[in-house]
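Generate coordinates for the entire structure from the input sequences, incorporating the hints supplied.
So the chains spell out like this:
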Amino acid sequence: MKELVIVSGKGGTGKTSISAALAFLSPQKVLIDCDVDAANLHLVSGAIIRETHEFKAGFEPNVDEKKCTSCGQCTDLCRFGAITAGAITTPLNCEGCGVCAFNCPEHAISMLEKQAGHWFLADTHLGQLIYAELGLSVENSGKLVSKVRQEGKKIAKAKKFPLMITDGPPGIGCPAIAALSGASLALAVVEPSLSSIHDLKRLVDLVAHFKIPLAVCINKSTLHQENTREIIAWCHSKAIPIMGQLPYSDAFRIAVQSGKTVLEMEDAAVIEEMTKLWHNLAKRLEVSTTESNIDFFRRKLNIFQ
Amino acid sequence: MLISIASGKGGTGKTTLALLLASIHSDITLIDCDVEEPNCHLFLKPEWQDQGQEVAVMIPQINIELCNGCETCSTVCLFNAIAISGGAALLFNELCHSCGGCILACQQGAITEDKKLIGTITTGTSPIFPTIQFLSGSLDIGTPSAVPLIKAIKEKVSHLAGDILLDCPPGTSCSMVTAVKDSDFCILVTEPTPFGKHDLELAMNITHLLNIPTGVVINKSDENIGDESIESLCHIRQIPVLAKIPHSFSFAKEYAAGFIPDEFQAVAATIWSQLNAKGSEGI
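Residue numbers (the working numbering), protein chains in the order written: chain A, 1 to 305; chain B, 1 to 283.
Read the hints as simulated data drawn from the structure, not as lab findings. Accuracy of the hints is not assured; some may be wrong.
[Unchecked claim] Which residues of chain A face chain B? A partial, calculated answer using Cβ under 10 Å: (1) Thr16; (2) Leu77; (3) Cys97; (4) Leu121; (5) Leu136; (6) Ser141; (7) Pro169; (8) Ile177; (9) Ala178; (10) Ser195; (11) Ala208; (12) Phe210; (13) Trp234; (14) Arg253.
Ideal placement from N, C-alpha and C gives every residue a C-beta, glycine not left out.
If you want it as structure tokens, here you go:
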């Protein structure tokens, strides 16, 4: 099973729109959303939740007030400023390390497993989707990403799907690392803005650090031709393949507003470039593209030709 | 006044708004807290005042000579950052939260602490916007947690009295919470799409939890589509819409090239007047 992870560094470059469109084109795949603190893929895929699961991770201290003598030992030892003489004063500061509990002379503090969010199995018109919702202000976004991936892999294995498409998180920190580690291919979505190019370079260093194969897709390529040329030249110099170039189009925004994939908007140029992107990716990942969906696009395109 | 600019969804225009607001202020400190992917400097093109200050966290150093492989440290480490291998403790740096629990637990005195660099804080002024004092954090590639670096950069400005703007990371996880925490006011930037709205609501939950007065700016606004659903959400949550920045291809193009056009300075001025009014009310 191949794992395609769509990432970007910078947010808002079009990861989710492209993930949904690729899922639309791919005949046999499971879809997962690893942007666990701001998941969006379910909003454009008509998701109907079939299963809701609690996600527990990490720990939080629980103080037995009867045993606590307010000696202040926990306050002295806590490096995060979360506890004052037996009272958890700033729970948001607590990292769940257990130093207070392990070192309490009265054994008044116990560490309880923490409710850290939920993950969902949903049916969508793009196929089955696993996505998650991180609990309010909890750590462990990386662990929840790993959980989502693990559940996605189970489905892919059970259904003998050759591909898992991952809508990845922005950034280069723990959720991005958790989403990328061990992936078959990372597809970096970049737009021709200085910010996005800058963030791409950091992402390239990250995937190199973790030795993950990388390809690039330029989104909104017509927004700034000069920067687009610069991206192409830079990728060329780094031997990073460019799998597609999608033009700037209002179709992306309208698609999101109507809860559909961009392919269902009737923008011939976008449909053509997206189909090219999918073909290049499928070839690179050695997964098949069935005729039925492509025929569907030829039909769609014909309306305008 | 410490004002954080956050969003939930990425790419809605946090940096744009931060720069717009900073550019028309007569004396302001702007901090790029999006340390995973800092971008403000691309627009400010600052002259850096120094090489930058390296930020480190403390991680355990295990003295294998003294370690007897008793497993106490690996038992107390709730992050599973220590394992026992070949009769001695072995640390997995990336999982360590620097809590110091293993050091307290070790009876052999085999664990000490040493610095591990996680990123850099640089300071500068921009020749384009000389009234902006600028600080930027940059996380080292491969470092999982941005939290200690964001804490360090905020600590650096904690003594300042004037107006401070924080350009925060996207999302709603620990990095965003660390950046937004303790601000006097939080501006959430959104776009009028279901993605923008969904993530705005998550971000509102965070500022509510942190008890931070909040306002919303609708970027890429298009009166015909989407604005209404954001406005009704804001109405239900009793959060004011401070301003709308219209959808503009020419603006997007200038932004792509690394410029902050003066197209929306009037919008920024109305936001400042509302912020100042809130500031004088004591928020």
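Hint numbers not upheld by this structure, sorted from lowest to highest | 4 and 13
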